[in-house]
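Make a model of the complete structure from these sequences and hints.
If you want the building blocks of each chain, they are given just below.
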Amino acid sequence: MINELGLNQAADYLEMAARLLRIKAQLLLPRHLGEDEWEDPRAELVRRLLEYQQIRELVDWLGRAAELRAERYGRGYEAPPADAPPAPLQIDLNDLLAAAERVIALIPEPMLHRVVPRPLDVEGATERITTLLSERDEFGWLDIVGPQSSIVDVLSAFIALLELAKRSSLTLSQAEPFGPMVIKRAAAQPPREAA
Amino acid sequence: MQPPSPLAKLLEAALFAASRPLTLDELASLEPEAGEAAVRAALAALQSAYGDEHGVELVEIAEGWQFLTRREYAETIERAQFALRPRRLSPAALETLAIIAYRQPVGRLEVDEIRGVDSDAVMDKLVERGLIEVVTRGEGLGRPLLYGTTPSFLEILGLKDLEDLPRLEELSVALRRPTPVDEPE
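Those sequence lines, one after another, are chains A and B.
Each residue of the first sequence is one higher than the last, beginning at 50 in the numbering used here.
Each residue of the second sequence is one higher than the last, beginning at 472 in the numbering used here.
Worth flagging that the hints you see were computed from the coordinates, not collected in a lab.
Given the structure is predicted, the values throughout are model-derived calculations rather than measurements.
Do not take every clue at face value.
Claimed, not checked - Quick partial rundown of chain B residues pointing at chain A, CB under 8 Å, derived from the structure:
| no. | residue |
| --- | --- |
| 1 | Ser-490 |
| 2 | Leu-493 |
| 3 | Tyr-521 |
| 4 | Leu-539 |
| 5 | Arg-542 |
| 6 | Ala-545 |
| 7 | Ile-548 |
| 8 | Arg-556 |
| 9 | Ile-627 |
| 10 | Leu-628 |
| 11 | Leu-642 |
| 12 | Ser-643 |
What the hints assert, rightly or not - Restraint ranges, calculated between C-beta atoms of paired labels, are given here:
| no. | chain 1 | residue 1 | chain 2 | residue 2 | range |
| --- | --- | --- | --- | --- | --- |
| 13 | B | Pro-576 | A | Tyr-62 | 55 to 65 Å |
| 14 | A | Leu-142 | B | Ser-490 | 27 to 37 Å |
| 15 | A | Leu-94 | B | Ala-512 | 49 to 59 Å |
| 16 | B | Thr-547 | A | Ala-60 | 50 to 60 Å |
| 17 | B | Leu-612 | A | Leu-142 | 38 to 48 Å |
| 18 | B | Pro-475 | A | Pro-135 | 45 to 55 Å |
Using N, Cα and C, we set each Cβ at its ideal position, and we do this for glycine too.
Pasting the structure below:
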């Protein structure tokens with residue numbers, strides 16, 4: 050208990066206890082009747098309590114005076130001095146660790162995306178399309194990629210198509226928006242075998 | 472009303488320019504020829520000239536003089552944030568100030584004893600705010616530092632001087648000789 054209160058408070062407490070015990074002892078001890086020297090040991094205690102009560106009354110008076118003064122402003126506002134910096138933290142290692150754990154618990158589970166390399170095979174698709182072009186004048190999208198193609202195949206085929214269209218090897222057309230894509234061999238271009 | 476004297480106008484200018492109360496000595500030094508009595512008379516003339524006619528008044532405070540705004544404008548001025556109310560003193564600070572004001576010069580030990588708690592931190596803060604200061608050293612063991620109040624103390628309470636404090640006899644709990652206590656049952 051003494052450790053919790055702090056030694057100063059404990060000392061004050063013990064001193065008061067000792068004082069009260071002494072007063073009690075003095076009152077219990079027999080004394081000669083009519084003894085002039087004897088002074089009631091409680092008088093000192095009473096005096097101190099009264100003195101403190103007097104101070105409390107003065108505190109009220111001073112507080113009111115300060116309030117009244119604060120209602121009048123002088124020239125030139127001076128900022129009041131800043132409050133003293135906060136006292137240094139008094140924590141031990143366990144407190145620190147516990148606080149760190151609480152902070153860590155607040156961190157959200159990171160969202161991990163696994164990035165898988167899927168090499169596009171544009172060259173392969175180009176070759177496939179060129180083969181189709183040599184065989185047929187006109188064909189559809191599904192002829193290139195087949196019904197169950199992976200996204201990599203689709204992308205590769207599409208890029209190859211665009212590239213070939215850019216080189217004017219073929220033309221791309223759609224009868225209507227979102228309609229099936231029609232791939233035609235470019236008319237202007239002479240057949241590859243003739244080149 | 473007769474026009475203000477040149478001395479009164481000079482004092483008015485000085486009091487306007489200063490952001491703290493100016494003492495009689497400081498005011499008298501502006502015009503060494505004038506003499507203290509003339510300065511006092513000029514101050515009195517200024518004070519009555521400001522009378523009720525103006526938003527500010529000349530107030531005797533902290534052993535000096537200062538122009539202060541009238542109370543009725545406090546709220547409006549504060550709301551407009553043209554000026555800030557000084558920070559309130561904590562009950563512990565007021566208690567310590569009361570003890571020091573009445574017991575000065577007084578040491579830390581005596582303050583602790585009257586308050587019944589350790590007052591070091593409160594006293595340090597009051598020193599820092601310039602409300603109390605070391606005035607002398609005591610005779611006793613270790614020649615302890617003895618503290619007293621400063622002019623700033625008077626200023627924040629709006630007191631002319633320490634005589635403005637209530638006399639201990641006027642308090643409802645007047646401290647007399649130790650009161651006799653009844654015999655124990």
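Verification of the supplied hints:
no. : hint                                 : in the structure
1   : Ser-490                              : holds, 3 Å
2   : Leu-493                              : violated, 11 Å
3   : Tyr-521                              : violated, 13 Å
4   : Leu-539                              : holds, 4 Å
5   : Arg-542                              : holds, 4 Å
6   : Ala-545                              : holds, 4 Å
7   : Ile-548                              : holds, 6 Å
8   : Arg-556                              : holds, 5 Å
9   : Ile-627                              : holds, 6 Å
10  : Leu-628                              : holds, 4 Å
11  : Leu-642                              : holds, 5 Å
12  : Ser-643                              : holds, 6 Å
13  : Pro-576(B) to Tyr-62(A): 55 to 65 Å  : violated, 30 Å
14  : Leu-142(A) to Ser-490(B): 27 to 37 Å : violated, 51 Å
15  : Leu-94(A) to Ala-512(B): 49 to 59 Å  : holds, 54 Å
16  : Thr-547(B) to Ala-60(A): 50 to 60 Å  : holds, 52 Å
17  : Leu-612(B) to Leu-142(A): 38 to 48 Å : holds, 42 Å
18  : Pro-475(B) to Pro-135(A): 45 to 55 Å : holds, 52 Å
Hint compliance for this structure: hints 2, 3, 13 and 14 are not met, and every other hint is.
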